[in-house]
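Chemist: One-letter residues, chain by chain:
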Amino acid sequence: MMSSGTRSRKNQQALSLQGVDPETCMIVFKTHWAQVVKILEKHDPLKNTQAKYGAIPPDEASTVQNYVEHMLFLLIEEQGKDASMGPILEFVVTENIMEKLFLWSLRREFTDETKIEQLKMYEMLVTQSHQPLLHHKPILKPLMMLLSSCSGTATPDVEVELVVLLNQLCSIIAKDPSILELFFHTSEDQGAANFLIFSLLIPFIHREGTVGQQARDALLFIMALSAENNVVANHIVENTYFCPVLATGLSGLYSSLPTKLEEKGEEWHCLLEDDWLLSPALVQFMNSLEFCNAVIQVAHPLIRNQLVNYIYNGFLVPVMAPALHKVTVEEVMTTTAYLDLFLRSVSEPALLKIFLHFILLHQHENIHILDTLTSRINTPFRLCVVSLALFRTLIGLHCEDVMLQLVLRYLIPCNHMMLSQRWAVRERDCYSVSAAKLLALTPVCCSTGITLTLENQAKDYILWTKATHSAGSCTSPSESTCIVEYGRAVDISYLQYLWEAQATILQCMKDCRVWSAPYDGEAPDPDTFIQTLAEENTKNLEQPMFRLQQRSSSNCSSSQMTPMGEKMQLELEWDDSYDTGISPGSNVSSPQAYDDLGSGEAQPPAEPPKHIQEMKKNAVMLIKGSYVEESDFQDDVMIYRLCAQKDAQDNDSSKEETLNTTRESNKTVQSLPSDNGPLTKPQSDGDLEEHNKKNSSLTHDVTKEKPNQETAEVHPRPNLELKLSSQEVDHNSDIRLLSPDSEDFIIQYDKIIKELNSNTTGLEEEQKLVSFEPLSPAEEEEDFENFSADTPSAESIPSPFGAKEDASSKHYSRSQNVPFTGPFISVVLSKLENMLENSLHVNLLLIGIITQLASYPQPLLRSFLLNTNMVFQPSVRSLYQVLASVKNKIERFASSERDFPGLLMQAQQYLLFRVDMSDMAVESLTKGNIQHNSGMGKGRNLSEASQAVFQPFLGHKAKKATALPGIPMHVRNAILAAALFPEFLKELAALAQEHSILCYKILGEFEDC
Amino acid sequence: MNPFWSMSTSSARKRPEADEKTLTGELRTSPPRTSTKKQLPSIPKNTVPVTKPASPAPSSQSTNGTHASYGPFYLEYSLLAELKNYLICSTLVVKQKLPGVYVQPSYRSALMWFGVIFIRHGLYQDGVFKFTVYIPDNYPDGDCPRLVFDLPVFHPLVDPLSGELDVKRAFAKWRRNHNHIWQVLMYARRVFYKIDTTSPLNPEAAVLYEKDIQLFKSKVVDSVKLCSSHLFDQPKIEDPYAIIFSPWNPAIHDEAREKMLTQKKKSEDQHCKSMHVSGLSWVKPGSVQPFSKEEKMMPT
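These protein sequences, in sequence, are chains A and B.
Once you know that position 130 of the first sequence is 130 in UniProt numbering, the rest is easy, because the numbers rise by one and skip nothing.
Once you know that position 27 of the second sequence is 27 in UniProt numbering, the rest is easy, because the numbers rise by one and skip nothing.
Read the hints as simulated data drawn from the structure, not as lab findings.
Bear in mind that the values here come from a model prediction, so they are computed numbers and not experimental data.
Virtual Cβ for every residue (Gly too), placed ideally from N, Cα, C.
Wrong hints could be hidden among the right ones.
[To be verified] DSS-like cross-link-like pairs, simulated, lysine-lysine; straight-line CA separation at most 30 angstroms:
| # | chain 1 | residue 1 | chain 2 | residue 2 |
| --- | --- | --- | --- | --- |
| 1 | A | K141 | A | K175 |
| 2 | A | K175 | A | K81 |
| 3 | A | K260 | A | K175 |
| 4 | A | K141 | A | K42 |
| 5 | A | K510 | B | K284 |
| 6 | B | K168 | A | K510 |
| 7 | A | K141 | A | K115 |
| 8 | A | K510 | B | K259 |
| 9 | A | K30 | A | K42 |
[Said to hold, decoys possible] Which residues of chain A face chain B? A few of them, derived with a C-beta cut under 7 angstroms, are:
| # | residue |
| --- | --- |
| 10 | H357 |
| 11 | L360 |
| 12 | C399 |
| 13 | D401 |
| 14 | L404 |
| 15 | Y431 |
| 16 | L439 |
| 17 | D511 |
| 18 | V514 |
| 19 | W515 |
| 20 | P524 |
| 21 | T528 |
| 22 | E536 |
| 23 | S996 |
Take these sequences, add in the hints, and give me the full structure.
Modeler: Written out as structure tokens, the structure is:
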């Protein structure tokens, strides 16, 4: 009835009452009302004893309806004069018309239809009226009665109207906060101090579709209002369930998310918008999360804090934490992808903070979430890729807390470098020495093949000119000649890298201005770091130091209880990094240390937590084939095998690697002696397959002696170690003598570089002196003494943090003497070392993560990653060493692969194709101004591919092409890695160069970013 | 706030310093540039000129890639670092070691820097001397840079014909890591305040300084006047980034000056604003513990 009336009214409105005498309107209104009153009174039980409930003839009802419609129309159209009410409104208020009408509708059957009518009527009144109506209690009161009658048992139809009306009311309140008071007071009349319109909205918070959206919008109006109104904020926090409903609703919605994601193809590594829009459950969750974000953005701090607490304790801890530790790899992977998506979606610092707090500090079953996530990077499954993507997100936040926990805390004590090197932390590389060294790692075999610049670049040249000044003639303008041979092309794509490096570093510097410390080797102070940490430790329970304590103690106990061989044999090598914590012996990523340790190496990793064991079991089953393998996992299994084998060979090959490098160098330099004495036991050639063969045969031999063949095959390493250990002792002694050869190595490299680039980059003697001088032999020896004294007896050293009676500062410093750059760095570097076995997208992610890390301006991080002159402790594996090792692998691979140049060409073409594909998608969005304006800058390069392809929301575009069809998996991976590697080096070199000129803070420096 | 920035990068012509009273003209850079950024000219955009090759380059497609030499990049960045060093020295960061000295690399080559030096007191007071710094190709492993004044200033250490300053006496051997171009600039400034007459390039000046200081002074005054009278001359070396002076033109310069004076405040405002926008940290200063700031916010 009413709805039809509404429609007809709209037509009438078109007619408009303009020009009609207000007096006339008033008279019409009064007559209508008189007619209505007549009918109302006839049925009023108080006035007419014969009136019966519900027995209202339809014609009378519709008569009333018609009159009311006309009256409302007149009321809406009435223009108030100045601040005073118009006569009609005044009449409505004095006669209490609205309440009478509401009672009338109650007297009739109060059906859903009636409710909808009334709701619509009010909606129309409040939205269309020319005068403010809600200030008048006789109008507000029946409205509140109507609203409260709608709470609870409403049907969907009523809900739709109810939410529309509430939304309108909230927007009116937002515009005119004075009304808010009235709403509160009116609510009190109802007997409860509740903020009715707010409470009515709460049940719709998580609703899907328009209703939910309108309700959330309405709530946001109130939230924004609360920011300036303590009463409202207090009320919401103390008297409503807003925050708990919101937070626990997330948990509810999360539980209905799919636990497995449908297969997305090879490249899939994170949830993009395209992905999650397809899943209604996820859309609903994301809507609610977005709403939380919005609330936190606008609401009063009280509400914000309460909500954040509820989300932490009601969603993250009870729901996300267990979900991240589910039994199957699939489920865990899905959860990780969700977590990554959430992190990328949340923008409010306060909300982000609890997510990060959860990841960094929360312990699930005594293990920090962060550790668990880190350990998963080394898994053979898709989980690795998803975890890497999560870390990329984390590092990209430029958040001090994240970087502190992930990397910096391990670098602050500065014991990853030689004591004498500390001064160099803040040193700038004025002459691009590090960049030169990095670029010199480009394998010779990779310089063939197509250019990695696109065609349009080929036309641009850079001419370096020099100024000559003919002495004596000050007046003659200097001539310009080329330093570079005239017209010779310089790698223009490198300019692009420089340009990008500058942009990323500047952005990062800008973001890091809010950080609490410069992390430059002085602040925080390396010497008091441990004490500071310990002091803070006592204050706070959720302390990372606890983690260390736990870890190291568990290390010790397990090593004491379990003979190493047996234990390891039963378990797959699951994770290199998991326990690399404090225990030096388990630091797999630093093979030198490993070798040096001798008996120390017998120390097994700590007992992994249950969930990891579970996953291990899965992995074992997968490898053994007793698991129903999903076809996609096949690849992973392959990789896994390679990893396992590689691990085994790492032990003997890592030494050789250094030597191999030396040999390579020898070849190049042709002047150094090629005889390296007893240590030169290099594999006849660096062939990878050869390597593997040899390796597996070794494994085979060993396994014959061992009962448990199957596992041994999967993880040959411990056996190998057992067998080789006696041999190794010999080696070790030699190695130790040679171990400072990291310097020999560097010196040789310097020489090579000098000879290759003698004109511009040669290192002056002096420079060498500067870098090596500080390593006085005495100090060196001391370092080694410490090292060897500490490590073999690692088991017997009481856990430095566990034993209170020993908690002297001496112990602290001692424990910190064990150089360790943190689990994250070591796992990432060890993964990088396997570059040739990694799939393309793993490598792209790794490269992305490392370049992100290298963009940080903090001297500690910069010097660790990019300063190639730095002398680190022998047990610390630096990025440069890892890259050198990759270079050797590539060269070995190149020499073994007959058609290497052809394959490389194909790989490069494929990578360029990927760039093109992503370019098409990105072009309009991200590129443009910078590059197209800069004249030369149209070049695309490969690493841009990584960035472009990883741009959220664009991931699908590039996956249409299959990578190098018809080439066996392992060759494909290796060749793609070989094609990527030189570009990666350029990216790092560019970062190193840009750091050298950007590291000063000059006022106004950041203005244009 | 270093005036060098504004000077070198703004298309508008500006006075380098508001208090440079002796100066009726002011510095400007010749080509108006679109960039209004206050920033070191960035490598790809400005310092490295991009030109089409005059002759077709030999098989560009294949000579590219890793065969390409990166040497020029290293040199370029080393010089940029030097420039940065100079900027550090000339700003308040280190108590302005180089007041009144301004340099800017040429457009054509990073190995040639144009400069101007303002002498504010002493014998050479009111002197405005333009100069050019020539950096050897094999920098930083070569000889020390040369500094040549556009006009031969009357000074014991300045060659009366070529205008070259005797830099070598201060940097007998140029040592990388130890010697920097800003030191040359500092030296160039100092010679005008602390006059050294041993083994002079201009014996006349040296002798006069020792024997007849009055005559020396008057010769210096003449020299200073001569330099000032040639201030508005076209630059000796044609280069888009050459330093050019022009008479004060209110239409152009008033606005630019106003901008310079207000810029500082504005940038401070921006600074404050952007602090809230980006960057995340909940670490209490002095702490090494994540989320140590704002305890009341801690969810537990």
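Chemist: All hints are to be evaluated individually against the structure, with a verdict given for each.
Modeler: Hint-by-hint comparison with the structure:
{"no.": "1", "hint": "K141/A x K175/A", "verdict": "holds, 20 angstroms"}
{"no.": "2", "hint": "K175/A x K81/A", "verdict": "holds, 21 angstroms"}
{"no.": "3", "hint": "K260/A x K175/A", "verdict": "violated, 46 angstroms"}
{"no.": "4", "hint": "K141/A x K42/A", "verdict": "holds, 24 angstroms"}
{"no.": "5", "hint": "K510/A x K284/B", "verdict": "holds, 19 angstroms"}
{"no.": "6", "hint": "K168/B x K510/A", "verdict": "violated, 41 angstroms"}
{"no.": "7", "hint": "K141/A x K115/A", "verdict": "holds, 16 angstroms"}
{"no.": "8", "hint": "K510/A x K259/B", "verdict": "holds, 24 angstroms"}
{"no.": "9", "hint": "K30/A x K42/A", "verdict": "holds, 18 angstroms"}
{"no.": "10", "hint": "H357", "verdict": "holds, 5 angstroms"}
{"no.": "11", "hint": "L360", "verdict": "holds, 5 angstroms"}
{"no.": "12", "hint": "C399", "verdict": "holds, 4 angstroms"}
{"no.": "13", "hint": "D401", "verdict": "holds, 4 angstroms"}
{"no.": "14", "hint": "L404", "verdict": "holds, 6 angstroms"}
{"no.": "15", "hint": "Y431", "verdict": "holds, 5 angstroms"}
{"no.": "16", "hint": "L439", "verdict": "holds, 5 angstroms"}
{"no.": "17", "hint": "D511", "verdict": "holds, 4 angstroms"}
{"no.": "18", "hint": "V514", "verdict": "holds, 4 angstroms"}
{"no.": "19", "hint": "W515", "verdict": "holds, 5 angstroms"}
{"no.": "20", "hint": "P524", "verdict": "holds, 5 angstroms"}
{"no.": "21", "hint": "T528", "verdict": "violated, 9 angstroms"}
{"no.": "22", "hint": "E536", "verdict": "holds, 5 angstroms"}
{"no.": "23", "hint": "S996", "verdict": "holds, 5 angstroms"}
Hints 3, 6, 21 from the earlier list are contradicted by this structure; the remaining hints agree with it.
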